[in-house]
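Novice: Each chain, letter by letter, is given below.
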Amino acid sequence: MKRKRSAGDVLFHTLNYSFFGLFTITCIFPFYYLFINTISSNDLSTMGYITFYPRGIHFDNYVSVLKIKGLGHAAGVSLYRTVVGTLLTVGASAFLGYLFTKSEMWGRQFMYRSLVVTLYFSAGLIPWYSTMHLLGLTNNYLAYILPTIIAPFNIILVKTFIEAVPPSLEESAALDGAGYMRIFRSIIFPLITPILATITIFSAVSQWNSFIDTAWLMTDKKYYTLQYLLWRYLNESSSLAALIKSAQNLGAVNMQNMQTPTSVRMTVTMIVVLPILLVYPFFQRYFVKGIMIGAVKG
Amino acid sequence: MSVPATHLAKHGSAASKPGRRLPNKYKLFLMALPFFIITFIFYYLPIYGWIYAFFDYIPGIPLDKTPFVGFKWFRTIAENPTQTQEVLRVMKNTVAMSGLGIVTSFLPVIFAILMTEIKTGWYRRIVQTLTTIPNFISWILVYSIAFTLFSVDNGLVNTLLIKFGFIDEGINFLANNNNVWLAMIAWYWWKSLGWGAILYLAAITGIDQELYEAADVDGASRFRKIWHITVPGIMPTFFVLLLLSIGNFVNNGMEQYFAFQNAMNKDTIEVLDLYVYNIAFSNNFAFATVVSMLKSIISVFLLFLANGMSKWIRKESII
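Residue numbers (numbering that gives the first Met the number 0), protein chains in the order written: chain A, 0 to 297; chain B, 0 to 318.
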C-alpha cells in the first residue's frame, strides 16, 4: 500500500531524521573525541588542539597504561561479576517471576509485596555495610554475586510478561499432567526469551558499572574491579602519571608523548569503555530482534 | 489475570493423584522459599542496623561500649539550627532533581514515537544502537567524559569558545554552583534517553498492527494514528513508570551526584543519598543511619500514596 507523500510528510521526515542524526552525534561524539585524543600527540592534546581529527598518531598511551599493575586482574574480576552475577539473577528472576503468576501459591501476596517494597525501601548504607560485614562478605568475591541474585524490578518485568502469555498454552500442558517445573522449562521459558534478553542487559550493565560496593566492602586490592580502579585513577591521575613516568625508560620516550594526568585519565577511560563499544552493537541486534519477535507473537 | 490462573490450578490438582502429594499451594511456596530467604537476608536483615541511630557510635568501638543516646541524633535535626539548614538544603536538592526527572519523564515517550516514524531500516538501527550506548557506561565514565569536554583549561567546549572569540578565559562549567540541577538532568537524559525509549518501543511494537492498517484504510493522518493508537497503547507503561518514580522520589541514587560532586557545587548537588554517603564517610555513622531511617520511612509513605493513586486511577495495584 503506497500513499502519496505530501509536502508536510517531507518536512516532517526531514526534521525527524535531522533530530535523530543530531542526537546520535551528541551521544557518540564524546567517545570519538576521547579516542582521537588518546592517539594524538600528547603535547597537542594537553593544549586542547585536538578537536575533530587526530594529529601525530601514536599508541604510547595505551602501551604505558596497560603496564599498570593490577589492571588485567581487575578486568578479570569485572568480567567474573558480570557473567556469573548476570546468569544467576536472570535464572532466579525468570523462575521467581513465573512462580509469582501462580495465584494458588501459599503466601504469594506476602512474599511478592515484601519483594516490591524493597524497590523503595532500603535500610541504608551503614546498616547494609554492617550486615555484609556480619555475613563475612567483606573482601569476598561472593559479595558481588549473592546480594544481586534477587532483583525485584526484573522479577516484576518477568511476571508481567508471563501474565500476558495466553493461559490456554499452560492450561493444556497442565491437563496433560505436566508439573510446574516442566511447564516452566518447556512452555514458559521459550516464550519469555525477549524479556530475559532485556533483563540480561539490565543486570550485566549494573554489574559492570558497580563500584560503590567495592569502595565499601573491599580493602584487599585483589578484589578491585575495573570501574573502581578507574575511579581511583580519576582521583589520583597526577600521582599515577608520575608513577608511569618513573617506570618508563626516559631515554627511549618521545618527549612529545610524555604521560600527563590528562592522557592517563583519557586512556584509562577509553580502556574501560572500549569493551562496551565493541560488544554492545552485536548484543543489541539480538536483543532488539528478540523484542520484535516477542511482539509479533503476542 | 488471576482468574485464569485459579482456573488452571483446579485442573492441575485434579490431574495429580490426591493425597499422595503435597498440595500445589505449598509446593509453590517451597519453591519460592529459598529466594524469599535471600531477599530477607539482604533487604530486611539490615534493618537491625538501625540501632546505630540511638548510639554515639564510632567505627571500631563495639556497640556495647558505646553510650546509648536515645533520640539525640533525631532531635538535632530540629533543634540544631545548622543541622536544620543542612537537612533543608539537601531536601531542596532532592525535590528539585526528582521533580525535574518526573516533569521530563515524557521525553522517552516522544523519542520512541518519533523513532518508529523512521522508516529507513538501517538508519533506525544505527540511531537506536548509538543512542543507547551512553546508558551502558557508568557515571564515573560519564564524569570523565564531562571533564574531557568541559574542563576549564583544555576542555573541548572552552577551547572552541575561546577560538571563536565568545570568551577570553575558560569557564569552569563543572566546579560551579550555577545551574547544577539543570546540568544534572541534562546529563541524565544524555545517558538515559535512548535507553528509556526502548521500553516504549517494545510497547509500540506490541500494539496490534491491524489497528494501523484499519486507520490507513480510513485515511487517518500520521498524527491521528499516533494520538489515537500509539499513545493509548503505551499509556499503561508510562503510568506504571511514573508511579514508580513517585514512589522513588527521595531515592535519587547517588552515583551520578557522587561522580559530579566537588567542593564548588556541593551545596546544590547533595541529594539525600549522597548526603548519607558523605556523612557516613566522615565517620558520623549514627547520623547517617538516622537520615537513612527517615528516608526509608518517607519512601514507604510515598509508595503507599502512589499505590493509592494507582488503585484510584487504573483500578489496579502496583504492589
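Don't take every hint at face value.
Which chain A residues face chain B? A few, computed with CB under 10 Å, are given here [claimed, not checked]: (1) 30; (2) 58; (3) 62; (4) 200; (5) 233; (6) 235.
With a straight-line cut-off of 25 Å between C-alpha atoms, the simulated PhoX-like cross-links for lysine-lysine are [unchecked claim]: (7) A:220 - A:68; (8) A:158 - B:265; (9) A:158 - B:91; (10) A:158 - B:24; (11) B:310 - B:265; (12) B:314 - B:91; (13) B:310 - A:158; (14) B:91 - B:71; (15) B:91 - B:310; (16) B:71 - B:294; (17) A:68 - A:221; (18) A:66 - A:221.
These are computed hints drawn from the structure, not numbers from a lab.
Glycine included, each C-beta is placed from N, C-alpha and C at the ideal position.
Novice: Does each hint fit the structure? Answer for all of them.
Specialist: Hint check results:
| no. | hint | verdict |
| --- | --- | --- |
| 1 | 30 | holds (8 Å) |
| 2 | 58 | violated (19 Å) |
| 3 | 62 | violated (20 Å) |
| 4 | 200 | holds (8 Å) |
| 5 | 233 | holds (6 Å) |
| 6 | 235 | violated (13 Å) |
| 7 | A:220 - A:68 | holds (11 Å) |
| 8 | A:158 - B:265 | violated (41 Å) |
| 9 | A:158 - B:91 | violated (36 Å) |
| 10 | A:158 - B:24 | holds (18 Å) |
| 11 | B:310 - B:265 | violated (39 Å) |
| 12 | B:314 - B:91 | violated (33 Å) |
| 13 | B:310 - A:158 | holds (19 Å) |
| 14 | B:91 - B:71 | holds (24 Å) |
| 15 | B:91 - B:310 | violated (29 Å) |
| 16 | B:71 - B:294 | holds (18 Å) |
| 17 | A:68 - A:221 | holds (11 Å) |
| 18 | A:66 - A:221 | holds (17 Å) |
Hint compliance for this structure: hints 2, 3, 6, 8, 9, 11, 12, 15 are not met, and every other hint is.
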